[in-house]
Amino acid sequence: MARMKFLCDADRCIECNGCVTACKNEHEVPWGVNRRRVVTLDDGVPGEKSISVACMHCTDAPCAAVCPVDCFYTTDDGIVLHDKDLCIGCGYCLYACPFGAPQFPQKEAFGVRGKMDKCTFCAGGPEEDNSAAEHEKYGRNRVAEGKLPLCAEMCSTKALLAGDGDQVSDIYRERITKRGGRPETWGWDTAYKKGDA
Amino acid sequence: MRAETITRKPRNRRRIAVVTVALSMLLAMALPLTGYIAHDAGMAWAQSDDAAEEAANPRAEYWRAVREGQDGYSAVPGAEAGVLVQNGGENWRSLRDGPLKFFGGSLLIAVLIAIIGKHLAMGKDRLDSPTGRKMTRWSGFDRALHWYVGISFIILSITGLSLQFGRALLIPLLGKEGFAAWAQLAKPVHDYLALPFLVGFTLMLLIWIPRNILRSHDFAWLRSLGGMIRKDHPQAGFMNGGEKIFFWILFFGGVALMVSGFYLLFPNLGWERETMQLSHIVHSASGVFLIAISLGHIYLGSVGVEGVLEGMVSGEVDEAFAKQHHNLWYDEVKGIAPPDKSSAAPDVSGATPTT
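The listed protein sequences correspond, in order, to chains Y and C.
First residue of the first sequence? That's 1 in my numbering, and the numbers climb one at a time after it.
First residue of the second sequence? That's 1001 in my numbering, and the numbers climb one at a time after it.
Honestly, the hints are just simulated from the structure, not real lab data.
We put the CB at the ideal spot given by N, CA and C, even for glycine.
One or more hints might be untrue.
Said to hold, decoys possible - Footprint (simulated), chain Y over chain C, 3 or more residues, beta carbon under 8 Å:
| no. | segment |
| --- | --- |
| 1 | 1062-1074 |
| 2 | 1081-1088 |
| 3 | 1093-1103 |
| 4 | 1171-1181 |
| 5 | 1271-1282 |
To be verified - Here are some chain C residues pointing at chain Y (derived, C-beta under 7 Å):
| no. | residue |
| --- | --- |
| 6 | Leu1163 |
| 7 | Gly1166 |
| 8 | Arg1167 |
| 9 | Gln1184 |
| 10 | Lys1187 |
| 11 | Asp1191 |
| 12 | Leu1265 |
| 13 | Phe1266 |
| 14 | Asn1268 |
Using the sequences and the accompanying hints, generate a full structural model.
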């Protein structure tokens, strides 16, 4: 069984924001919602690094633990999804998430946020695969079509890797061996438990 | 001489006991702190190790800063979009799902058991000899304010507790869909009722301050728990000692509740996640605590003590009630001079005397 993970190679990411655009276009997410974002550290100075980040689909997902209506579930592939029909828009997942992944379509007074939206690893939601209802709420379900997330597929420098954790780390390890330097599986120590292949 | 030592002995023994208990408590608190010294020493070692590592690999420091919430630049707009890792959420999660749920839930259950136990053991506190003559205790405005705040507090409590404990208690009963339907109603009700509650509650707390200033006879009341421990009738003015303590818990707990609630209610004002996490902890802790003491208030104000509810519903109480529970207020209204001036300074009363 695959265990899906994201890995962003900080030595390759050029902050083109292609992943962000691809994601928005593929899933037709509402205005103001960005399931993925690129963060640049030490912007404009030597040693600048960029990282593309979205939901990391954590092993022991904090969002799922704190959700008052228990709307999250983890698929057999280790993808963390949620049911928008149950979501009450309380924002607790946003308080708990270390990566800032949960997004809300509205930011209004009286805590009105609307239903939470986040990266689905292009795996849709609880509705029937690629049904109109699923597409409207969660965007396309590429995993059901045997494809991997579009952000990684579109990445021009192949900095962003998505797929089975073992294969992703094999590819990354090979790169490190060739180019030298230390491996930095950014965010993995926060998101994944040891031994979670 | 000898007689003196004998009489002193129990006192000495008590003093020794007190000092021993205090010392052992102090040690019990201080000893675990030595762990910090060991920890800090260890930290110093670890840091020098890291320093050596940084010289070889400057990236180590870089990624540590990222893990600790270092801010970067992001083209995507939004609060804290530049932060890659925010660790506060893990602390918030463990506080909310651990101590807050455990101690909050235990407190509510303990209060319910205490109320039921008290009622079974002591029964209703009845009036000794009702006279049928009435005294005005609560004005129409006071009563309207009380019930307005009380009813909104109960609605806010039920909706708030649903978000805190619903997943554990209500999902097994209602199912996920059923509970989500209730929660989707409960959340906006809680949010929109918050401001009207805030206005009423603030007004109530402010205008009832003068009646609730603690006086010397209130401490005597508290020492005998209103006659529950010693079977006497301790002195009380318009409000008794217990009611005053309840008021001041409401006052300070209420301020914490309303300030933290304000932050949770207006995420649009751009608070960072850390603020929301802290506000949530303060809000649910103060909320559960106020609910717990309000259960006691509701019990004593309804089935616990005869005559209280009548006063808050009709505004009038039996003279026997006033004499029995608020003797200083009764004397004041009736124009009876207090027997001892020092113990019975005139208590501010909100009611006008009637016959």
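Evaluation of the provided hints:
1. 1062-1074: holds (count 8)
2. 1081-1088: holds (count 7)
3. 1093-1103: holds (count 3)
4. 1171-1181: With 5 residues in contact (Cβ-Cβ under 8 Å with chain Y), the coverage given for the segment 1171-1181 of chain C holds.
5. 1271-1282: holds (count 4)
6. Leu1163: Leu1163(C) check passes; min Cβ-Cβ to chain Y is 5 Å, inside 7 Å.
7. Gly1166: holds, 6 Å
8. Arg1167: Hint on Arg1167(C): holds, closest Cβ of chain Y at ~5 Å, below 7 Å.
9. Gln1184: Gln1184(C) check passes; min Cβ-Cβ to chain Y is 5 Å, inside 7 Å.
10. Lys1187: holds, 5 Å
11. Asp1191: holds, 5 Å
12. Leu1265: With a minimum Cβ separation of about 5 Å from chain Y (threshold 7 Å), the hint on Leu1265(C) holds.
13. Phe1266: holds, 5 Å
14. Asn1268: Result: holds, 5 Å to nearest chain Y Cβ.
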